[in-house]
Amino acid sequence: MASASLPDNPLLTSAKIVIAGGFGVGKTTCVQSISEIPPINTEAWMTAASETVDRLDPGIDKTTTTVAMDFGRRTIGTDLVLYLFGTPGQPRFWPMWDDLCRGAVGALVLADTRQLAASFPAVNYFEQDSDVPFVVCVNLFDGVLHHPLEEVREALALAAGVPLIACDARDPQSVARALLAVVEHAMARNPRPTAGALAAH
Amino acid sequence: MRRILIVGAGQSGLQLGLSLLAEGYDVTIMSARTPDEIRSGWVMSTQAMFATALQTERRYGLDLWQDQAPRIEGLHVSLSAPPGERALRIPCPLDEPAQSTDQRLKMATWLELFEQRGGTVHYQGVTTADLDGLTRLGRYDLTIVAAGKGDLVGVFDRDPLRSVHTAPQRGLAVAYVHGMTPDPLLPVPHVSFNAVPGLGELFVIPALTVSGPCEILFWEAVPGGPLDLWAERRDPAEHLKLTLDLVRRYTPWIYDRCVDVELTDGRATLSGRYTPTVRRPVAELPSGGLVLGMADVVVANDPITGQGSNTAAKCAYSYLGSILERGDQPFDREWMGQTFERFWTGAGEAVTGWTNAMLQPLPPHVQQLLGAAAENPTIARRFANGFSDPNDFQEWFMTPEAADRYLASVATG
Amino acid sequence: MPMTYWKVRPYVLTAGRTRTRQPLLVHTLVSVPYYDAVFASGLLPEARSLYEHARRARSVAELSAVCGMTLGVTRVVVDDLAATDRLQIHDDAHSLDFRLLERLRDGLRQLA
Numbered sequence: 001m002a003s004a005s006l007p008d009n010p011l012l013t014s015a016k017i018v019i020a021g022g023f024g025v026g027k028t029t030c031v032q033s034i035s036e037i038p039p040i041n042t043e044a045w046m047t048a049a050s051e052t053v054d055r056l057d058p059g060i061d062k063t064t065t066t067v068a069m070d071f072g073r074r075t076i077g078t079d080l081v082l083y084l085f086g087t088p089g090q091p092r093f094w095p096m097w098d099d100l101c102r103g104a105v106g107a108l109v110l111a112d113t114r115q116l117a118a119s120f121p122a123v124n125y126f127e128q129d130s131d132v133p134f135v136v137c138v139n140l141f142d143g144v145l146h147h148p149l150e151e152v153r154e155a156l157a158l159a160a161g162v163p164l165i166a167c168d169a170r171d172p173q174s175v176a177r178a179l180l181a182v183v184e185h186a187m188a189r190n191p192r193p194t195a196g197a198l199a200a201h
Numbered sequence: 202m203r204r205i206l207i208v209g210a211g212q213s214g215l216q217l218g219l220s221l222l223a224e225g226y227d228v229t230i231m232s233a234r235t236p237d238e239i240r241s242g243w244v245m246s247t248q249a250m251f252a253t254a255l256q257t258e259r260r261y262g263l264d265l266w267q268d269q270a271p272r273i274e275g276l277h278v279s280l281s282a283p284p285g286e287r288a289l290r291i292p293c294p295l296d297e298p299a300q301s302t303d304q305r306l307k308m309a310t311w312l313e314l315f316e317q318r319g320g321t322v323h324y325q326g327v328t329t330a331d332l333d334g335l336t337r338l339g340r341y342d343l344t345i346v347a348a349g350k351g352d353l354v355g356v357f358d359r360d361p362l363r364s365v366h367t368a369p370q371r372g373l374a375v376a377y378v379h380g381m382t383p384d385p386l387l388p389v390p391h392v393s394f395n396a397v398p399g400l401g402e403l404f405v406i407p408a409l410t411v412s413g414p415c416e417i418l419f420w421e422a423v424p425g426g427p428l429d430l431w432a433e434r435r436d437p438a439e440h441l442k443l444t445l446d447l448v449r450r451y452t453p454w455i456y457d458r459c460v461d462v463e464l465t466d467g468r469a470t471l472s473g474r475y476t477p478t479v480r481r482p483v484a485e486l487p488s489g490g491l492v493l494g495m496a497d498v499v500v501a502n503d504p505i506t507g508q509g510s511n512t513a514a515k516c517a518y519s520y521l522g523s524i525l526e527r528g529d530q531p532f533d534r535e536w537m538g539q540t541f542e543r544f545w546t547g548a549g550e551a552v553t554g555w556t557n558a559m560l561q562p563l564p565p566h567v568q569q570l571l572g573a574a575a576e577n578p579t580i581a582r583r584f585a586n587g588f589s590d591p592n593d594f595q596e597w598f599m600t601p602e603a604a605d606r607y608l609a610s611v612a613t614g
Numbered sequence: 615m616p617m618t619y620w621k622v623r624p625y626v627l628t629a630g631r632t633r634t635r636q637p638l639l640v641h642t643l644v645s646v647p648y649y650d651a652v653f654a655s656g657l658l659p660e661a662r663s664l665y666e667h668a669r670r671a672r673s674v675a676e677l678s679a680v681c682g683m684t685l686g687v688t689r690v691v692v693d694d695l696a697a698t699d700r701l702q703i704h705d706d707a708h709s710l711d712f713r714l715l716e717r718l719r720d721g722l723r724q725l726a
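Residue numbers (this note's numbering), protein chains in the order written: chain D, 1 to 201; chain R, 202 to 614; chain E, 615 to 726.
So here's chain D without its partners, still in its complex pose (with noise of 0.2 angstroms):
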């Protein structure tokens, strides 16, 4: 049951998730649906070089930006403790995002269809720079779904390999079942070690 302290386990262990995504498209309210506790919003700052569109350029004017990210978790039984990080929204500080897929089970990269573009980065990222298995998933924010998801996932030109689902961020229920196609399809990905696979061990 959802209580603010953790059960006094000392086997506890931890899982984590990440919620990717633009700016807006419902991050912070998909943690929000799940957590047991109030979502936990951190930021950390940057002096940054402004305006850089290159990664590998440090600029030359510098800037303070501010690397906001929020979390929240989900007790399951007495022994395990699922995490839910939703990534800064300005995927300005690549480094953060590494630091949050770090030994994560799965990413759900949200996205708003009336803004398909601000997930494109997060796409991007975990395409082409992150081992983590992630499935898509347009968060109906009238609880409608305004648009055939065969052209969501061609407008975001989404791999064949990836899942694309749909989801109310505001509904718990239906926020677990996207994180439930998450777990699965890093299970699909990462199957059960065969006996033999075990033997040679």
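Watch out, some of these pointers could steer you wrong.
[Claimed, not checked] Covered, in the sense of this in silico footprint (three residues per stretch, anywhere, with C-beta under 8 angstroms from a C-beta of chain E), are these stretches of chain D: (1) 11-18; (2) 77-84; (3) 112-123; (4) 174-185.
Bear in mind the hints are in silico, worked out from the structure with no lab data behind them. For every residue, glycine included, the Cβ atom is placed at its ideal position computed from N, Cα and C.
Chains R and E: place on chain D using the hints.
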């Protein structure tokens, strides 16, 4: 035991960290990526290292790939005349071999070695807020920032007196390939340096990557020119195709060697551009903490002279000397400034001046020197060895007066 | 054993690290195995705050938020306290561990 924090796990940060461990220091490194992530990640550089830099690694037993990496015996300089004729060809032998070991292989292994030898590593991308908190913690006697490719360089102010450029001077496009055939005119491992006047340069560098020996095809494109197809990041297969299209068109003598090339792996390409910049070496954080920048954090030159990793190694070695000599005295602001100046006068200034000169259209005296080098192996050898120690260029290459003196001495000598 | 984070500067090196060096992930859980008030009172502010807040298991990210310290500072302090066995780092279930994925799947099915 003095405690040192190094932010960044590249050539300079890891070389300094491993050397300091060997000297008995307590060293912590912050790395944005784990060894496995580095090994399986995108290529980062072309990293041809010449003898002077390799020597600084050898002193601490860090040249672990000496036997596997191709031994680069010289440079092969060619000038292209439109549309793809070779106007001039200069074989330039090196006194001692250069080597290029893929930083994915090297940094992943060095990072593991650093941990095995008792160094502490924290895996995370460091923000300025982290840097502020870490210096405030008072845990470390010295904090060095060696993460030149990240946003953290922003804490260091640009030095307008030492920075010539305000915009990128080349678009960069790197592809690691297997299957290139040897140069029939110079069939030993060498760096091929092909200048296409006004448009850019193509380098071919023999290297050792994760999957074995390979060649690196590296275009330097003058921004806005016909070679500059690298403003956006491309799919690796498309990147290679464009690279080869340009090779065929502008340097067909290299294309002849590329019939069977393929990318070494799925993350074997790199593109981008940056502004060559010299920064002030000491930054003060809001809580009052001081950090010292090193290598390309504070001296970032265009890769046209292939000096990035060389400068990083020299900076690590120079800083190491300053740290050891400091003994138990505080690493204060004055010491930090002196530490940088020692590196700047010892290596940084010459490499920066020479590299910035090579980015410009070649002045008459340099054209004259290269023409003479095509006829005279002594001049060609001196040019090649300058890549190992660019301080030498000051003596004969950088000014018309020095060039005249040198050519006169070679003629009479 | 010389203890790091006592209110004496400069810090003394912690001897003999014992834990296998897995990266401290943002969701890695840490907890104080047995609380020692005397030990706590001798700690510097950052370590004190973290030690107090880890009396119940918390992730690195939660500790960072609740202690008001950046992730980098949190990791350094966690690592130092863990080296003296004053803090327990829970084993990370490997993200590719099939049993972990099964437990997660079954748990999420309950919520779906």
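For each hint, the structure was consulted:
1. Coverage of the segment 11-18 of chain D by chain E holds. Counting CB-CB distances below 8 angstroms, 6 residues qualify, and the rule asks for three or more.
2. Here's how the segment 77-84 of chain D fares: 5 of its residues keep a CB closer than 8 angstroms to some CB of chain E, so the rule of at least three is met and the hint holds.
3. Here's how the segment 112-123 of chain D fares: 0 of its residues keep a CB closer than 8 angstroms to some CB of chain E, so the rule of at least three is not met and the hint is violated.
4. Residues of the segment 174-185 of chain D lying with their CB closer than 8 angstroms to a CB of chain E number 6, which satisfies the three-residue condition for coverage.
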